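Chains as they are written, first to last, in the numbering used here: chain Z, 14 to 317; chain D, 338 to 693; chain H, 18 to 324.
Don't read these hints as lab results, they were simulated from the structure.
Residues from chain D shown here face chain H by an in silico Cβ test under 7 Å; the list is partial: (1) 414; (2) 448; (3) 462; (4) 464; (5) 509; (6) 511.
With a Cα cut of at most 30 Å, we get these calculated DSS-like pairs of lysine-lysine: (7) Z:52 to H:140; (8) H:232 to D:477; (9) H:174 to H:187; (10) H:232 to D:507; (11) H:282 to H:117; (12) H:174 to H:117; (13) H:187 to H:117; (14) D:379 to H:140; (15) D:507 to D:484; (16) H:282 to Z:117.
Note that the structure is a prediction, hence the values are computed from the model and not measured. Glycine included, C-beta positions come from ideal geometry on N, C-alpha and C.
For reference, the chains in residue letters:
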Amino acid sequence: MSDQNALPPADSVVALAEGEAGAGRARSLASDAWRDLRKNPIAIISAVIIVILVLMAVWPSLFTGADPAACDLSRSLQPPSSEAWFGYNLQGCDIYARTIYGAKASLQVGLYSVIGVAVIAIVLGMLAGYYGGWADAVIARVTDIVLGIPLLLGAIVILSSVELDGVWPVVLALALLGWTSPARIVRSSVISAKGQDYVQAARMLGANDKRIMMRHIAPNAMAPVIVVLTIALGSFISVEATLSFLGIGLKGEISWGADIADATGRVRNALGPVLFPSTFLALTVLAFIMLGDAVREAFDPKLR
Amino acid sequence: MGRHSQSIVEKESSPGPDDGGGHLLEVDDLYVEFRTGEGVAKVINGVSYHLDAGETLAVLGESGSGKSVTAQAIMGILDSPPGFVTGGRILYQGKDLLKVGEAERRAVRGREISIIFQDALSALNPVFTVGWQISEALRKREGLSKKDALERAVELMELVNIPAARERLKSYPHQFSGGMRQRVMIAMALAQQPNVVIADEPTTALDVTVQAQIMDLLGELRREMNTAMILITHDLGVVADVADRIAVMYAGRIIEHADVHALYRSPAHPYTLGLLNSIPRLDDKGKTLRTIPGLPPNLTKIPSGCPFHPRCRFVRDVCRSEVPPSLDLGGRQSACHFARELLAGELEPTRKEPEL
Amino acid sequence: MFRYIIRRLLQMVLAFFGTTLLVYWLMFAASGDPIAALAGEKPLSPSVRQALIQEFHLDQPFIVQYLYYMRDLLTFDLGVNTSGRDIGQIVATAWPYTLKLAFIAFIFVVVVGITLGVIVAMKRGGVFDTVVLLLTLIVISIPVFVIGSTLALFGAKWGLWTTNVGGSGKLLAYLVPALVLGSLSLATAVRLTRSSVGENLRADYVRTAKSKGLKRSRVVGVHVLRNSLIPVITFLGIELGGLMGGAIVTEKIFNIPGIGFELAKAIGLEDGPTVVTIVSLLVIVYLLMNLLVDVLYAVLDPRIRYE
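Isolated chain Z, as found in the complex (with noise of 0.2 Å):
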């Protein structure tokens, strides 16, 4: 590398100092990185937005008194009002408060498989990278079969199979085919980190693998995992939206997708019915996708 030469450390004093910059390495580049994100417009805006959509999900009824529920024929398709600020749909319903109350079954959608997907890619990504071996050999033979299935193919054979009203079935197809990619991270971060000095040193002292694991490999590992996770919510959100939309997603909920299919199906003429469901989909997928780059960004200062 070129800056080799920029810098200044010396040949001979550098391998001394090194020892105590590695120790001071973690901590300090979680602040750093703390520190960038808090500058970083893109990281506020997405947190922003991401605020909201969850203030939304959570007490819909603070930004509309309408219910998304009431919805009168008479009314169908008139464009917006000062009654109904997106108008309303085919069926007469208030566009602006379905689009409000959409996003609940999206954000958990989102919220639950991460979770799910999470506790799965940790467990078998710290197996896999910490004892290695047998261990390793048959996660990474699952992985590939998991892998072997697209998402969006996979989610639609388990929905199909599952017949389960709410978030759930989709939670639990998205869970089960989406850890894949989060594990492999996982294990290579623990990978990298077993190889460390310090880790060495703790087993050598005598800690045992639990406390190894939770106390030196675990918070090291961390950061690739939570960049990878807040941008697969992201995209969790978006195929539940396609599930939906193609009819196999989520049964009795509002949902964005669901909403989308029934205003292209039918209408193909009326903008309103398609646009602002569809926005706050982008938007809100957007944010998850913006979050997590920015986080990656600033963990990884090669990139800026």
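Using the hints provided, position chains D and H relative to the given structure of chain Z.
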């Protein structure tokens, strides 16, 4: 290694460090900065040295002293940004390379001046065969046919003592050992028969035993082909047998410049003295090895006065306030306020030597 | 190289049986009544019911059912669906449409993605780079079905392009659907190419190539590109497999009677046999593409080849 010490004796009296104009290559008062988010690092601060046909100049310094950056500036391969040449001249056969256009600059690269990098594994392209890489410039620049260029590549590989050269033409860099890879690198640098070869820490990445072989090879080839060489290194040990003159760099400056023998016999700068004292010697048995205390300066905040003063055993008040000029000591130079006293052995340390 | 491919082939065979077993199990065994899973809520005539039991060997143990099914699938005996139509026939009719769509989309992704990626990598940090990065981020964030629905809506409202492609043989009609299908891969390809080229531009071997006195066009066009394209081509290969599966949304929106369209229809009709068959076929295509990519990877990267 005996034959190298011999070679220095054989050499027609080495030209003194400051023979005036007409040098093959001359770096004159060069300034380079690196502009980064953390500030401006003044990497090269008025470096001057020269090279005549057929001679070897060693440029010595710790990492970060600017020795490789100077070489990159000569080659015109400085990463820019962040690196910018902010002043000075680089004269090759009297022509300032910093003023000519890109096409003319390119004509010099490889054909007139070429470079051997430290880490051949990353310096060679991993996806092309070594035959392809050695012959590439011959095909693209010398107009050789593919067959002739490969034939020439075999000759070059034989020249650098790669066994079974013809069979290895189609091998990839990762299939060679470190030493063999460095030989490929050397063959590539010599392919266009340049007048000047810059060897940028050519042995640092290698095992100690292989280091000696590569240094031997370089010396031999240099003599055979009568190529001038700039040998960049941080290892005083490797230069003695190969170099005619040594320029010692510190914080982007040449702080001492002398004939090899003169420098080894009596260094005229406390930093050089420190470097020499830190080489383990057989006859020093029982004595403790001395290192230079402290770290090289942060190039965004170079100390006032003499940049070496925070680490210097002989520091005086004037060193903290005034930048020492380059003193001419008759055929050699030193940028120390007290170079004459040091040479005469009359300079008393002001600090206790730290012990390792 | 040979050993590498054999190893990957064995891994793929394992993944293939694992994956299809999983799909098969999810479809049939995971639900209590396999017949209900196959037929959904549709009432079945006793004769169809009997035919289904026979076809899927439902009177046999699960693993035997699966093996029978795989034998049939691999010999292209795809059986009949719940309304008695030959699934092989359905697939054979639908396949060309999807292939055409995926192929055009793939060309889009390769040509536009790589070109744009290289250009922005060279002008890293400039206005154009920032704009393209932002655009790709937006495209990645908007689900494909939203892009498709919106484009279909605009197309229909202002008569800009056909939104009902149907069985049209005209290549032109496929352009917008192909763009929709390829949009995500395109945006990802741009970003991947950009970062890959950017990384390689800083590599040490670039400096070596420059030191030889080569022209910048050759340094970038030969040395950098050859290295940068390794991850990009790997990605594109897997994407081609993925595009076929992704066609389900695009074909539904633009009414193209391809594989995805049939799959969406089968889902709507709760036609289990068709769903399992098509998904299994798509999984096979996907796995084959993965294998092809592994081989390609070894061809492109000598460090893998001689491992």
